[in-house]
Each structure stands twice: as structure tokens, then as C-alpha cells.
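Asks: Now for the letters of each chain:
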Amino acid sequence: MSEAINKSDLIKGDPFGEIKIDIAGASAELDRFDANIKEVAKSLSKELSAASKKTLQDLEKVNKAEIESEKLMKQKIATQQAQTKLLIEEEKLKQASLRTAKAENATKEKTLSLYQQESRKLNDLRNAYKNLAVQNKGNTKEAKALLAQITPLDAKLKAIDQTVGQSQRNVGNYGNALGSLKVKFSQLIGVASQFGLALGGVQILRDGMQTVKEFETQVADLSAVTGLSGKALDDLKAKAIDFSKKYGESAASIAEGFKLAGSARPELLKDGAAMADLTEKAILLSKASGDDVPTSIANLTGTLNAFEEPASKAAKMTDVLANAAQLGAKEIPYLTEAFTKFGAIAKSQNISVAESAAAVELLGQKMPDAASAGTGLRNVMLKLMAPDALGKDAIERLKALGINFEQLSDKTIPFSDRLAALKPLLKDNGALVKVFGSENAVAAQILLSQTDELKKFTGELDKNGTTLEQANIKSNTLAEAGKRLKETWNGYVLELVNGQGAAQGAAATLDFLAQNFDTIVTVVSKLIKLWITYKAVTQALKLKEQYSQWVANKKAIAESGEALKDGASGAKAFGTALKSIGISIAIDLALELAMAFYDVASGARAARIQMEMLQKANEKAEKNVSAVTQRTKDWVDEQKRLLDLEIRERKAKGENDKKLDAEQLKRGKEIEKQGLNRIKYAQKIRKEEYTNTIAEIERYKQAREKLGGTLGNQSKRELQLIENATRLTKEIIDLNTAEKEYTDLLDESNVAIIENSELHFKQTKAIKEKKKEMKSANDEIERMIQLLETTQSLADEIGLYEAEANVQSAIAAQMDSINQSGQYSIDLIKQRIEEEYNLQKAIIERQFLEAVDAATNEQEVINAQKRRDFELGKLEEAKANKTKEVLKDLETAQEDYADKNKEVTETEKKTMEDRYNTIKAFQEAITQILTDQIDKRIELMKKEEDAARNRQDYLEQLAANGNITAKESIAEQIQIQREAQAEQARLERMKQNIELINSALGTFNSQLNQGKSPAEALATTMASTQVLVGFLKNLNFFAKGTDNAPGGLAVVDEQGAEIITDKHGRIKDIGTNKGARFTMLDKGDKVITAPKTAAILNGFGDMSNAQLMSRKTDTAGTSYDLMAIERLERIEKAVKASASKTDIHWDEFGVFQHRYQNGNKVTNRFRLKS
Amino acid sequence: MHYVNKDAKPRKGDASKWVELYNQYLARFGFGEDLERYIETKVHLTQLRLAFVETGDAMLLNQIAIEEINLKEQDPSNHEGMTIDQCLYHLRKQMGQWIDKKRITIVDFKISLTEYVRSNK
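Residue numbers (my numbering), protein chains in the order written: chain A, 459 to 1628; chain B, 2 to 122.
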């Protein structure tokens, strides 16, 4: 295997392609179908409103419309169900796709493990060869056999590495180079981690590899999700590294960002540059908003999707979101959640994102829930979109208010202006509710009352370029500078690994790093120290200005809690202004250092690139050489390789690197010379042979001449000699050419080396200059640190003073609380004591670190450690004692308070109890009497009612017999019965009221008995008896339901759950079966009786059954059925078919896809490539 | 319009004449309280269903369910009303004289009935 592993290598064919097409087709068909039934509904609606409902024909129309509407409704429900099914299938497909990607990765890993086996084999062979070489058996048959295996295997693995974009193996002495750095890195162990920079000796390697691993994992995921590979993937990788350095986010998280962007906007999968662009916008947004990158991507793509905007609009979206987050009350997640509810409607209404965001922000001030705000806004937009579709009442009211309908639905004018046209509604709440409905009235009112603000706010949100501005402001902090510095390092590590074919280049880079490492170490360690002392700077600078004030206040602070508070807040206020100076200096320095470090890293990169160029020059020069030259060159290369091997082994054994490098250079030259000598030697041999041959021919010639030509023609030997001479002539010419070629080759190589040296020289010069810059930065930091050290103790003192002041103020506050109510809370005091303790502990720890830093031998370090442990122990004890003491003081104060109040409280309680016992007894007696009287009256009414009924029967009989006029009969008696029943109901209600009052008083009294103050008891029961009576008087009971409730508190659900709707019939509450309960009704609300409610709720159940489309052929044959059943069936079939295709499984041989064709199960197999 | 089918044989145009007559009747007396309410409910239910088809708002299904039950309750054919003969019985009693079912005009019958109801309220 020698290719990069791609999805296309693993799977032949696309298991999801067909399904995607099916789903898309079915979805489009459904959309068309839905559009059709909507159209029909619209025309039907028009016909219905045109019917006057006064003639038989009208009645016919109404009946027909009712029947058709039911069919349409069922078709709509079926369409919605089919759409839901499609969505589910789409989701399933997504999951299956993810599973495929996972399995693909697993296969990759499996392939990698084969690769690892080969790699291990190569290592074993090499070790075996080295063992022989050490024993001076490098030229034995066994060693040569090993070498014969090593060379092709090494070449094979190198080729694999190159194809997957790894060059570790190519970096021949990478491990050694890193190894040699270990010692130097160790200088930073311990301090680096405090800055978040991984510069510890071993840690650097581990973290570097971790960075690479995380990045590669994300890149593999990115490749799996997007299907990108080769150059496109490489470009994205490079972008990720670039962004990481630019914005201080890890390259892995940025690669993840690409992935998220690609998942959210599938059209970007084909366009890596656009994907990177969108991600960059999201990173800027994250910087401006303070959210993490994935959240910002979700927010940005969510907004784009909600408004159905292309990715190219990302910059505009980020500006609007960032502006809204900065200027508005609500944050970005609130906005995006709201957008999902109404984005599409806003788009269709030509309402801009800025205007939408402004409206959401205004709603957000009063509506804490984003979904409600979004839904409210959507509904308001819908009402504006089609004012004609409003109810008859609403239309009349709008007309009465002189509102222009055309302006409302005119998409060409801004949303705020369209809303402004509705302003007259603010003066007529009834009309407002009629138009927008009670559930949207609040949102509408907020928007209508703030149309001017909406316009102004929209203008502010519409400003461009603010994301970048905010991101820059927010990035200008020490923490961000630190992040960028860290990611510069990580980016450098990734570039190192990503370098293609940079066998010597990477090594050279590491060498370069090693050469300059002292400088880097110095710079970074100073920076780290700066960070550690950063907080102390701010404290110290604050103290410098504050010191005199503090001294002046110190005495007063000790004496008075109030002054203590003032002093503390004064110190804080003063400090805030000065703090910014400290931060800005630190930021500038950190940025400068970050840039310097990056330049050093870039310099190393340039060196590597230069080496690659040199290699290319060599390759070019080698192209047109003759066979002899090639053989010579091969021999020279092999000798050089063996030399390199030997030098490296000697380096590994610890011989001096510089000497060995010089030796390698020298012997390399000698080998080149030997190569030339080989050609020259061959020339010499050929020339000698040629001379001898010519001489022998000459001799034959002379002999023939001496014999006077009697021997005739040339002998066989002579002819052979002539042939040899010709061959030798050709060979000599070839060797001359080879000599020239080889010399040219060497010259070209030398020229390249010289050019490279010149570049290297220039680069070294630049580095020297850079070193100067870094040194001046160092000096600046040095000066800073000195300043800090001198002010450190002062900073500690002010910090401790503030902490103690906080503790004292917390104690004083709790003492006040005890004096007022006898209650206190220890939590705040404990928290403040803990803060003070932490500060003291931090000081001890810092002093310990300083002592360790200054220590010159091990004993001093041990002493410092002991001192620290002792101090910490003492501090712990002091903290415990302090807490105990404070608690004791508070308890004593509480006891004093309790003693003082005990006597008064008990007398008061007894008096109140007596008083309320009397009231209770009196009330109970009255209640009993009233109840008895009412019962008696009810009894009497019942008797009257019975008598009336009997009389009615009698009268009816008389009337039937024609003995009396009908006037005297039924109706009158019914009236009498009704009145009696009404009176009975009134009395029943009164009785209930009295009983309720009594029970409320009972509750009140029992509260008193439980030790509550009268005020508390009354508050628990009711604000006052008067209110209680008023409350009960106005209470409505709706067991029999109502079509027009008077509004106010009511009792419902007496006989089971009762549905409450508003006056338009919209359900507000479906009630419970847990017995009677209080509820607030609005005027005009409808209460549906319990039995009817039960019927309705059952009806809901039936409806869900009815939602299943009937398969029966329509016999009515009306025009509206033309699109119905057959097409729906076809769509559902498509949905079902796509559902069966998503049944995909994996095993070690490949992907299986089960599908159903004509009722038969068919299995497709997508094989893995071998 | 007066139209008498003397021999009670079906003729072309009977139906349209009947519709015309009925419309005249409706123009004068209307549908009646219960039927009016029933039609209103039906129209409202239809409007709700059409609104659902247009908007896809599932919340409308609740209102539709309520209106469907209301419609069923208000359906006049489910109520126990009186036949014309039963009405005539009461009218005869009220007026104290025999009323011939085949001779009384629809206008007389309707007026008598309305007045009877009014006087008994």
C-alpha cells in the first residue's frame, strides 16, 4: 500500500447517495403537495367569506366548504407526518454517515497497525545490523543480507509516510536532535507551567506530541466529515495553524471549527476556502463575545440557517450579533434561539437581520425566555404579513382606527415603519388583543410602543466592522497575549511535523532552535516571571498612591467599622484606575516578546525551506547525467550515507558534536574526490590499454611491412586489436564526458552550498539583530521586576489589610442583624475568613518559591520547605481559632438579644392567643347559626320547588284536557322553578363562603398557636378579614360552565377537569381531576363543563387516530380531491423506501446495506478495497 | 311567489322553484336561532381548518377539536324537536279551532307559531 487512505479507497460506491436522492425527491414532492393544498385552502377561504349565509345556496357552500376543509385538514396532517418521517430518515442517514466515518477510521487504524508491524520489523533489522557493525562485522555476508532487507523496507515506509503527510521518519535524526535539546529544556522545568507554556524538559516533547495527536485526530475527523483529502485538506490544515497563531486558539479546536462549519453548512464541504472564511468569522465572533469557538460557530451558522442566508453573509451576521451582544441586554445565544423561531418568516418579509436582532433585544428586556420572544415576534410578523386573514372583528377595529392595510404588508418599507402604522392600537387594548391575540399581545405592545427605539437600535446594529474592533479590544489582554504565544509555539511544532520531505530541513530547524535556545529560554523565563508578579504589580502600584491615605485612615479604621468600609472601598476605587497602567505595560511587553519568539521560530522555518530548495537544486542537476556518472554518483551517495550512519552512532555514544560535524564535512569532500578519482582511474586504465593496443597493432603492421606484404591481409588478432582500440576510444570519450559531468555536478552542488551559506549568513545577521531586540525587551522586564520586588511587601500588606477589613465588615453586618432580628448567618464571614487565609497562604507560597529560587544549595531548599510548612500550620490554626471566636461572639450577642426579648414576647403571645381564641369561638358560633338558617331556607325552597312542580303537572293535565289556557301553563311554572333553583344556588354559595371564612380564621389561629406573630399569621392566611370577605364574595363557581366569564378569581374543576379557553376559543388551561381549585379568569373567558371537557379530551384521542389518512377512495368526487390520496401514497412509499435503505451495517469485510425492493430484501455490499 | 302544483306531478323546474320559494322564506324568517348558531359554528370550524392548512400551526388542532364537538352538540338533527303535526296540535289548541294542514300557508303557519312562542315566554 502506498497511497493516502481516503474514503474512496475504503468503499466502492456511495451507500448513501441513492437514499439522499430519494429523501430529497420525496421532500420536494411533499413541498409541492403542501403548496397545492395551501392554494386550495386559500381559494376555499375566499369562497367561504364571499358567502352571505342567507340563502340555501350559501348554506350549500358552507356545507361543502366544511366537508372539503376536513379533507384538506387530514391531507395537511398526513403531509406533516410524512415530513416528520423524512426528517427522521435524514437524521438516520446522518447517523449512518457518522457510523461509516467511524468504521472508516477503524479501518485506517487497522491499516496503521500493519504499518507499525513493518516499522517494528525495520527497527529490529537495523538493530541487528548495528550489533554486527559494532563487532566490526559490517562487511560480512550476514550484514550485507540485512542491509539488503533494510534499504527497500525503509524506502517503502518513507513513501507511505510521505503520502499521508508525515515526515517523522524522513527526519532521520529527529529523535537525536530532540534528545540533545532535553538538557536545555530542563532549565525551564517548574516555571513554565505557571504561564501555561509547556516548556518542561520532557513535558515539551509530550505536549508537542499531544498537540500533534489532537490536531491529527481533528483533521482525520474533518476529512471523514467533509470528504476532503490531498491538497484541499493540506490547505485547511495550514489555515488551521495560521489561525491558531493569529487568534490564540488551538489548531485542533480550529480544525474542529471547520468540521462544525462544514456540518452546519453542507454547501461549504466542496469549498475549503469558504469554510475557512466562515470559521474565521466565527473565531472573531468568539473573541468579541467571549464564547468559545464551537459555540460561536453554532451561533453563527444557526443565524445563517434561520435567515436562510448564504455563508458569504457571515461577516454581516457576525457584526450584527457582536453589536447586539455589546449594545443590547441579551447575549448571543438568546438571539440565536429566538432567530430559529422566526428567521424564515423575517426573510420572507424582507426584514433584515439587524432589524430582527434589534426587535429581539427590545423584547428581551421584558421577556426572559428567548423562545417566547422569538415566537411572539414571529406571530406579530405573521399578522402584519396578512392583515386580511385577521378575524372579522379585528379587521373592523383596524379599519375603525384608520390603519392602512397596504402599509402593513408592504415588504419594501422597514419593519419599524410597518409597526408604527399600528400605533393607534396602543390606545385601544381591546383592538390590540383582537388583532394579535391575547398570547401575542405583550410582544406586540412592547414592539409598538418602541418603534422609534427599534429604528434607532437597528441603525446601531447595522454598523459594519465592529466584530473585528471588539475582538481586537478584547484580545488586547495579557491572557490573550499569552494564548497567542502558546499557540505560536504549538503552530511551530505542527509545522515541524507537517513539513513534507524535509528530512534534513527538520533536523536543521531543530539545530537552529538548539543554537538559539539560550536566548529563547531567557526571554520566556523572564516573561513567566513577569506573569507571576503581574498581580503584585497592580497591588503595588495601587499601594504607592494609596499609602498615605491608608496611613491616615488606619487609626480610624481600627476604631470604627464604618470608616473601615470607606477606607476599603476608597482603596479599591483608587486602585482600579492605576491597575490599567500596570496591565498595559505588561501587555505591550508580552506582545513584543511573543512576536520576537515567533520571529525566531519563523527564522528556523526559513532555514528549513532553504534546505529543501537546496535538495531540489541537487535533484534537478542530477537529472541529465550519463550512466557512468550515475554509477559514480550512486557510489558516492552510498559512501556518504554510510559515513552519516557512522557519525550519528558516534554522536549517540557521546562524542563531540562539532568535531564530528567537521569530520563529516571533511570526509564527505574526500568521498567526492574519490568518486572523481574512480573516473580518472578508469580513464587511466583505458588509456594505457589503448596505448598498448595501438602499439601491438603497430607491431603487426611493421611485421607485415617487413615481410613485404607476402602475408596478405590482416590477421585475426590484428582485426581484434583494431576492434578493441575502437571500443576503448569510445570508453575513453565516455569517461571524459563523465568526468566533466561529475565535475559540473560537484560545482553546481558547491554553488548551491555557497548560495545557501550566504543566505545562512544573512539569516544569522537577522537573528543577531533579533537577539538585540529581545535583549532590550529583557532589560525592560528586568527593570520592571526590580520595581516589583521593591514594592512586593507593601503589596502584601495592603492585600492583607483589605482582607481583614472585609472580615470585620462582615462581622459588623451580622452583629447589626442580631440586634434587629436576633438572626445571623456565618456563611459570609466564613467566606471572608477563607479569602484572607488564601491570600496569606499565597504569600507564604510565593515567599517559599523566592527562597527556593535564591537557594544555592539543597539544605537551603529544605530549610525553606520546613519554614513554609511551619507557617502554613500556624496559619491553619489561626484560621480555625478566628472562626471559633467569631462564632462565640455572635452566639453571645444572640443570647443577649434573646434574653432581652423573651419576657415581652411571651406576654404578647398570650394576650393575642386569648383574643383570637375568643374570636374563633364567636366566629364558629355565628357560622353554625348562619349555616343552620341557610340549610333551613334551602329546605324550604326545595319544598316550594316540589310544590311548584306538582302544580305544573296538574296544570299541564288541565291544559291538555283543554280546561285552561296555555298561558297559565308550563312556561310560568318553569320560571318559578328556575328562580327557586337560583336562590338555592345563591344560598349554597353563601354557605360555602361562610365556611371558607371560618376555615380561614381557623388557619389564622393555628398559625398564631405555632408561635408566629399576628402579622405573619395574617399574611399567611390573608391580608385582612375584609379582603377575605371581599375575596369570597367575588368568587365565581363554574361547575356548570360559562361562555362569558366576568373575569376575576374563580373556582373550577369542582366535578372534574374543565377546559378554560379565552373568548376566541383558544385553550388556556385543560384543568385537572384533582378537585376544585382557584384560578384567575379573564373577562370573556369560557369554561367548558367537566363532562364536555372529558368528551373533548377523548375527541383529541380520536383525532390522533383520525390523523391517519384514510385509504378509502373518495366517492364524493369533488374537485379538491384531485391531488389527494394517490400522490400521498406515492410520497409515503418513497419515504418508506428510503427508511429501509438506511439499514446499514459494518463488519470486517465492508459495508452492508439492506433494502427492500418489491417486498424482497436485497443486500448491497460495499467492499473494502484490499 | 305563489306556486301551486295542483296535480302533484313532478315537472321540470320544480326544484329551482322550490329553492326560490325557500330563499324567500329565509329572507323573511331567517334560519332560526339554533340553526344560525349551528351555521356560525360550522363556518368558524371551517375557517380554523383552513387556517391550519395554511399555517400548519398544530395549536389550531385544539380549537378545531373543540369546535367539532360544539358542532356535534349543536346539530339540530340531534335535538328532540317537534314535527309539524305536533306544532299544529298546539296551534289548534291555542287558537281554539281546527287548522287544515293542507290549506294553511307557510307564512300563516310561521306567524302563528312565532306568536304562540312569544305569548308563552
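Source of the hints: derived by calculation from the structure; they are not laboratory data. Even for Gly, the Cβ is constructed at its ideal location relative to N, Cα and C. Don't take every hint at face value.
The calculated lysine to aspartate or glutamate pairs, modelled on DMTMM-like cross-linking and capped at a C-alpha distance of 25 Å, are [claimed, not checked]:
1. A:Lys1550 x A:Asp1540
2. A:Lys850 x B:Glu116
3. A:Lys869 x A:Asp827
4. A:Lys1498 x B:Asp58
5. A:Lys1288 x A:Glu1308
6. B:Lys73 x A:Glu524
7. A:Lys805 x A:Glu897
8. A:Lys504 x B:Glu69
9. A:Lys1521 x B:Glu116
10. A:Lys519 x B:Glu55
11. A:Lys512 x B:Asp58
12. A:Lys921 x A:Asp750
13. A:Lys885 x A:Glu897
14. A:Lys850 x B:Asp58
15. A:Lys1521 x B:Glu69
16. A:Lys512 x B:Asp35
17. A:Lys500 x B:Glu55
Chain B regions said to be covered by chain A (calculated; three or more residues, Cβ under 8 Å) [what the hints assert, rightly or not]:
18. 3-10
19. 35-44
20. 75-86
21. 99-109
DEER-style ranges, computed between Cβ atoms [unchecked claim]:
22. B:Asp35 x A:Pro724: 33 to 41 Å
23. A:Asn1408 x B:Gln98: 29 to 37 Å
24. A:Asn1408 x B:Lys73: 34 to 42 Å
25. A:Gly888 x B:Asp76: 29 to 37 Å
26. B:Glu34 x A:Ile479: 41 to 49 Å
27. B:Asn24 x A:Ile479: 41 to 49 Å
28. B:Gln98 x A:Asp1393: 46 to 54 Å
29. A:Lys1541 x B:Ile112: 36 to 44 Å
30. B:Tyr4 x A:Gln538: 46 to 54 Å
31. A:Lys1541 x B:Asn24: 56 to 64 Å
32. B:Gln98 x A:Lys1541: 33 to 41 Å
33. A:Gly849 x B:Tyr4: 27 to 35 Å
Asks: A separate judgement is required for each hint: does it hold in the structure or not?
Replies: Checked hints:
no.: 1; hint: A:Lys1550 x A:Asp1540; in the structure: 21 Å, holds
no.: 2; hint: A:Lys850 x B:Glu116; in the structure: 34 Å, violated
no.: 3; hint: A:Lys869 x A:Asp827; in the structure: 28 Å, violated
no.: 4; hint: A:Lys1498 x B:Asp58; in the structure: 31 Å, violated
no.: 5; hint: A:Lys1288 x A:Glu1308; in the structure: 30 Å, violated
no.: 6; hint: B:Lys73 x A:Glu524; in the structure: 13 Å, holds
no.: 7; hint: A:Lys805 x A:Glu897; in the structure: 23 Å, holds
no.: 8; hint: A:Lys504 x B:Glu69; in the structure: 22 Å, holds
no.: 9; hint: A:Lys1521 x B:Glu116; in the structure: 34 Å, violated
no.: 10; hint: A:Lys519 x B:Glu55; in the structure: 20 Å, holds
no.: 11; hint: A:Lys512 x B:Asp58; in the structure: 31 Å, violated
no.: 12; hint: A:Lys921 x A:Asp750; in the structure: 24 Å, holds
no.: 13; hint: A:Lys885 x A:Glu897; in the structure: 18 Å, holds
no.: 14; hint: A:Lys850 x B:Asp58; in the structure: 20 Å, holds
no.: 15; hint: A:Lys1521 x B:Glu69; in the structure: 17 Å, holds
no.: 16; hint: A:Lys512 x B:Asp35; in the structure: 15 Å, holds
no.: 17; hint: A:Lys500 x B:Glu55; in the structure: 7 Å, holds
no.: 18; hint: 3-10; in the structure: violated (count 0)
no.: 19; hint: 35-44; in the structure: holds (count 3)
no.: 20; hint: 75-86; in the structure: violated (count 0)
no.: 21; hint: 99-109; in the structure: violated (count 0)
no.: 22; hint: B:Asp35 x A:Pro724: 33 to 41 Å; in the structure: 59 Å, violated
no.: 23; hint: A:Asn1408 x B:Gln98: 29 to 37 Å; in the structure: 32 Å, holds
no.: 24; hint: A:Asn1408 x B:Lys73: 34 to 42 Å; in the structure: 36 Å, holds
no.: 25; hint: A:Gly888 x B:Asp76: 29 to 37 Å; in the structure: 33 Å, holds
no.: 26; hint: B:Glu34 x A:Ile479: 41 to 49 Å; in the structure: 59 Å, violated
no.: 27; hint: B:Asn24 x A:Ile479: 41 to 49 Å; in the structure: 57 Å, violated
no.: 28; hint: B:Gln98 x A:Asp1393: 46 to 54 Å; in the structure: 52 Å, holds
no.: 29; hint: A:Lys1541 x B:Ile112: 36 to 44 Å; in the structure: 40 Å, holds
no.: 30; hint: B:Tyr4 x A:Gln538: 46 to 54 Å; in the structure: 51 Å, holds
no.: 31; hint: A:Lys1541 x B:Asn24: 56 to 64 Å; in the structure: 39 Å, violated
no.: 32; hint: B:Gln98 x A:Lys1541: 33 to 41 Å; in the structure: 51 Å, violated
no.: 33; hint: A:Gly849 x B:Tyr4: 27 to 35 Å; in the structure: 41 Å, violated
Hints 2, 3, 4, 5, 9, 11, 18, 20, 21, 22, 26, 27, 31, 32, 33 from the earlier list are contradicted by this structure; the remaining hints agree with it.
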